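Q: Sequence:
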Amino acid sequence: MLAGEAPVITSPENNAVYILRSGVPLDFQKILFEASAAADNRRLFWFLDDELFSTALDESRLFYKPHPGNHRLMCVDDYGRSNSTTFHVQ
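Using this note's numbering, you'd call the opening residue of the sequence shown number 6 and step up by one each time.
Don't read these hints as lab results, they were simulated from the structure.
Hints may contain errors.
Distance windows between CB atoms, simulated [unchecked claim]:
hint: 1; residue 1: Gly74; residue 2: Ser16; range: 16 to 26 Å
hint: 2; residue 1: Gly9; residue 2: Phe52; range: 17 to 27 Å
hint: 3; residue 1: Asp54; residue 2: Asp32; range: 13 to 23 Å
hint: 4; residue 1: Tyr84; residue 2: Asn19; range: 21 to 31 Å
These numbers come from a predicted model, not from an experiment.
Even for Gly, the Cβ is constructed at its ideal location relative to N, Cα and C.
Assemble the whole structure, with the sequences as input and the hints as a guide.
A: Structure follows, in structure tokens:
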């Protein structure tokens, strides 16, 4: 990725649908949040449904314990460059 580009969310894919399995603990059904960020970036800010979910230094992967509904995920870097995706959990 070239310097100056916004982070790219690689997981979840846009409009992905996740189906929760009954009888399986949510800890075993976590969804991977992953992004590719420019080399000039040191920190990523993850927002889920317009609320800060996590701030990560040099970390582009984290996991979300899913909750049913439509969700919007946004990843913002140190420079305010951002990317977003939506996904659904049922």
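Q: The structure should be examined with respect to each hint, and the outcome stated for every one.
A: Hints, one by one, checked against the model:
1. Gly74 with Ser16: 16 to 26 Å: holds (18 Å)
2. Gly9 with Phe52: 17 to 27 Å: holds (21 Å)
3. Asp54 with Asp32: 13 to 23 Å: holds (21 Å)
4. Tyr84 with Asn19: 21 to 31 Å: Holds, since Tyr84 and Asn19 (Cβ atoms, about 23 Å apart) stay within the stated range.
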